[in-house]
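Participant: So the sequences go chain by chain: V and W. Just so we're aligned, residue 1 is where the first sequence starts under our numbering, counting upward by one. Just so we're aligned, residue 1 is where the second sequence starts under our numbering, counting upward by one.
The reader is advised that the hints may include incorrect statements.
Remember, identical chains collapse to one label, so a pair may be satisfied in a single copy or spanning two.
As the list claims (entries may be wrong) - In the PhoX-like style, the derived pairs of lysine-lysine whose C-alpha atoms are separated by at most 25 Å in a straight line are:
1. K193 to K9
2. K20 to K228
3. K272 to K228
4. K193 to K20
5. K20 to K34
6. K20 to K263
7. K34 to K70
8. K115 to K271
9. K70 to K271
It is worth saying that the hints were derived from the structure and are not from the lab.
2 protein chains.
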Amino acid sequence: MPSRKGSKKPLSLSEQGLEKMLADWNSFSDNKQKRIFGTLDRRSAEELFLRVHGHAQAELFFCLPEFDRKSWIRLLPPDDAADLIQELPEAGRHHALDLLDHPTRLEVLGLMAYKEDVAGGLMNPRYARLRPGITVDEALRYLREQTRAQVETIYYAYVLDRHQTLLGAVSLRELFNAPSDKKLDEVMTTADKVVFVRETQTQEEIARVFANKEHRALPVLDAEGHMKGIITIDDVVHVVQEEATEDMQKMGGMEALDEPYFKIGMGDMIKKRAGWLLALFIGEMFTATAMGFYEHEIEKAVVLALFVPLIISSGGNSGSQATTLIIRAMALGEVRLNDWWRVFCREAVSGLILGLILGVVGTMRIFFWPARETLYGLHYPLIAMAVGCSLVGIVLWGALMGSMLPMVLRRIGFDPAAASAPFVATLVDVTGLVIYFTIASIILHGTLL
Amino acid sequence: MPSRKGSKKPLSLSEQGLEKMLADWNSFSDNKQKRIFGTLDRRSAEELFLRVHGHAQAELFFCLPEFDRKSWIRLLPPDDAADLIQELPEAGRHHALDLLDHPTRLEVLGLMAYKEDVAGGLMNPRYARLRPGITVDEALRYLREQTRAQVETIYYAYVLDRHQTLLGAVSLRELFNAPSDKKLDEVMTTADKVVFVRETQTQEEIARVFANKEHRALPVLDAEGHMKGIITIDDVVHVVQEEATEDMQKMGGMEALDEPYFKIGMGDMIKKRAGWLLALFIGEMFTATAMGFYEHEIEKAVVLALFVPLIISSGGNSGSQATTLIIRAMALGEVRLNDWWRVFCREAVSGLILGLILGVVGTMRIFFWPARETLYGLHYPLIAMAVGCSLVGIVLWGALMGSMLPMVLRRIGFDPAAASAPFVATLVDVTGLVIYFTIASIILHGTLL
Chain V
1 MPSRKGSKKP
11 LSLSEQGLEK
21 MLADWNSFSD
31 NKQKRIFGTL
41 DRRSAEELFL
51 RVHGHAQAEL
61 FFCLPEFDRK
71 SWIRLLPPDD
81 AADLIQELPE
91 AGRHHALDLL
101 DHPTRLEVLG
111 LMAYKEDVAG
121 GLMNPRYARL
131 RPGITVDEAL
141 RYLREQTRAQ
151 VETIYYAYVL
161 DRHQTLLGAV
171 SLRELFNAPS
181 DKKLDEVMTT
191 ADKVVFVRET
201 QTQEEIARVF
211 ANKEHRALPV
221 LDAEGHMKGI
231 ITIDDVVHVV
241 QEEATEDMQK
251 MGGMEALDEP
261 YFKIGMGDMI
271 KKRAGWLLAL
281 FIGEMFTATA
291 MGFYEHEIEK
301 AVVLALFVPL
311 IISSGGNSGS
321 QATTLIIRAM
331 ALGEVRLNDW
341 WRVFCREAVS
351 GLILGLILGV
361 VGTMRIFFWP
371 ARETLYGLHY
381 PLIAMAVGCS
391 LVGIVLWGAL
401 MGSMLPMVLR
411 RIGFDPAAAS
421 APFVATLVDV
431 TGLVIYFTIA
441 SIILHGTLL
Chain W
1 MPSRKGSKKP
11 LSLSEQGLEK
21 MLADWNSFSD
31 NKQKRIFGTL
41 DRRSAEELFL
51 RVHGHAQAEL
61 FFCLPEFDRK
71 SWIRLLPPDD
81 AADLIQELPE
91 AGRHHALDLL
101 DHPTRLEVLG
111 LMAYKEDVAG
121 GLMNPRYARL
131 RPGITVDEAL
141 RYLREQTRAQ
151 VETIYYAYVL
161 DRHQTLLGAV
171 SLRELFNAPS
181 DKKLDEVMTT
191 ADKVVFVRET
201 QTQEEIARVF
211 ANKEHRALPV
221 LDAEGHMKGI
231 ITIDDVVHVV
241 QEEATEDMQK
251 MGGMEALDEP
261 YFKIGMGDMI
271 KKRAGWLLAL
281 FIGEMFTATA
291 MGFYEHEIEK
301 AVVLALFVPL
311 IISSGGNSGS
321 QATTLIIRAM
331 ALGEVRLNDW
341 WRVFCREAVS
351 GLILGLILGV
361 VGTMRIFFWP
371 ARETLYGLHY
381 PLIAMAVGCS
391 LVGIVLWGAL
401 MGSMLPMVLR
411 RIGFDPAAAS
421 APFVATLVDV
431 TGLVIYFTIA
441 SIILHGTLL
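The shape of chain V in the complex, shown without the other chains (with noise of 0.2 Å):
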């Protein structure tokens, strides 16, 4: 019992009030975490140790009284199992996995074999089984058994030979449906026909192929056919929300933190934050290069350096909106890697398109700038036209650059979500300061310089 101080009385959680708190949990702290739950009764402790995720729930688990830690620990399945122990510190895990019964550790530890992100780590291997030629009726009846074992879910059985193949898959609605003398071979669907996922798959993938409408559950297969167990589309939710999370995190110019905001240890997200913050930033030294290189120009012409800021930061912009759609279209499959010409050719065009109406806001912008000729000297209009024509440039190369990058990445077998916004400005940030000395040194040839 989580209560352990005993002098209050432990407080029962409706389910709405369990509902809420769950809805607040991640911004709690440790320390209000532990202190909630340890003044929760039985049964709302476990309410809510069953619904907290990986993380979580491993540290209400760790502050359970060692006595008490067996029976929480069972009462989950092995597929969550797997997850906590995961997330116990090396020492923990194998005192965690001698808590369990052994059929459950074996399978524990055959989950904990698969990488966590793969079907294999994702599955739960308690599915309803069913023997082929028995009839309708009788499957019901054996699925109504089923019932009191811990299987994942009843709606939807698979129909196994001897060896474990899978021969069929049929839902329990089906089996409603049918008359029930019918023969279950009759009913389900035969397995060249079930849509099933590989052991090995991603779970971006599975999440992909759920997303596609009408599976709620589906098989986990090995290469051989034999099936190991079943994801059902609860256990996908999840993934997709920290699928994106991770994308996200990594668009923004980090490491994926894998956990919430207030959970992850300051160090950590310092450690995290820090790596990517100082790779850009020697990337970006590369802009103190490039205009030192230019230094004679700009102390010619001051008002150069004015606009260098304006000119690569749009560049960056354009950048920014080209690799997250691109990013972005890729994870969900609607674009693929031999698509990239067409990302090409349709990014060439918008890069052009925003790069005019920038350029032709940037230009007016200093030609009928009232302090013109003060602050931008005599030869304004060739320096609004060095702007102009950079600014095309710069924005076109963005979008070319933001889309291109992601690609390229999955291509050499990186993460397209490292074309983060920030890195992308960086490269456009120094390539940029190229094209706009290059271009303002043609135009003011001869003028200014």
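On the provided structure of chain V, position chain W as indicated by the hints.
Facilitator: Chain W alone, transformed into the frame defined by chain V:
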């Protein structure tokens, strides 16, 4: 029948073939989609039609011959029919509604009255209902009858009184597990313990409820507790994907596209990108103004200009990290508005440490650069100091701005995701210049300036 040319034999797709085609569907051009659709046999075409979403479904519907449309639209459950009709051009909607049978038309009209992104617009009004007071055996019989009706699922049934007030909920599994002659009222979860959503709750909130595991279906109630429909978890996977995509696109500095990359028209895409790009550009113009203000200093020490891109981009990157973290944490409910002070403190500490790291690296870079005296002049140690101090200030400033801005936006009723990385970078660029030149003026006063 979609194959109208009639010359070639229509194509039949296996389940795996269909699955593969669906995975790639959104990357096909409109014409390719129509061509493929036209070559399929009726069964495969129907499967495809049922599995694609909103916009894609509406397009397939649109390329059916008029006389065929009735039998196709009647394949859809009312929530999907409402989605499809809302995707049609204004003029086609009435016509499509007329194709439905009378009771379905009423249901669809009812659904269309809701906004698309609230519970009411997402729910299916056809769910399994039971009367109170019956036995488990009777309940099972009723459910078996309802499998023939077009209810969304028979796995979750709702017990209603004559006024459609929700009395309780029961899963088929619970019914299976209970003795046949037990009263339904004893088996069901009573209404006070049933988790439900209100018809006006947004899909973002609903996705959060589902992400807290355990629920696979939720009843939708109006303010008086009458049951209006059911939302199942498979509707939510799509919603979660969609919400994440919208947020990412906003965070990348543009409007959400609402359509797959290759599907959206070039004009629309440019419009959705140009607005923000232009707004950011106009914001960024203040950098030219700010730098104009320091033109005199730059003239005296051109070397200062060399580090402008390096310094302002570091602030932008730090801001991009912070804003990404906070926007996502708010979307997932990990961070709430009244956590702002905790966020502020956390970001102050990490911003300061990150700033110190970059500051030290930046100082060293100048201090130990081989060509330091020719490039940066005799006063290079002072320049190094000015750059280093500015970096600390600007990285810290970026982290604070980036984290507070999404919270301010939500506070005043805007979408926090609008605090995109480019938006924060623009703000930080302008203010960062002021910080940099102020610090430089102080440090270099009496020597270079």
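Participant: It remains to establish, for every hint, whether it holds in the given structure.
Facilitator: Quick rundown of the hints versus the structure:
For a Cα distance limit of 25 Å, the shortest separation of K193 from K9 across copies, 22 Å, qualifies, whereas the shortest one inside one copy, 56 Å, does not. In the homo-oligomer, the alpha carbons of K20 and K228 lie at most 25 Å apart only across protomers (22 Å), although the nearest pairing inside one protomer, at 36 Å, exceeds that limit. Taking CA atoms no more than 25 Å apart as the test, K272 paired with K228 passes in neither setting, with 36 Å inside one copy and 46 Å between copies. Proximity of K193 and K20 under a CA criterion of 25 Å is satisfied inter-copy only: 13 Å between copies versus 42 Å inside one chain copy.
Taking the shortest alpha-carbon separations for K20 and K34, only the intra-copy value of 17 Å comes in at or below 25 Å, while the best inter-copy value is 47 Å. For the identical chains of this complex, K20 and K263 are intra-copy neighbours only, at 19 Å inside a copy versus 39 Å across copies, given an alpha-carbon limit of 25 Å. With identical chains, the CA atoms of K34 and K70 are at most 25 Å apart within one copy only, with a shortest distance of 19 Å there and 58 Å across copies. In this homomeric assembly, K115 and K271 come within 25 Å of each other (Cα to Cα) only inside a single copy, at 24 Å, whereas the closest approach across copies is 43 Å.
Proximity of K70 to K271 under the C-alpha cut-off of 25 Å is found in neither arrangement, the shortest distances being 36 Å within a copy and 59 Å between copies.
Checked against the numbered hints above, the structure breaks hints 3 and 9 and satisfies the rest.
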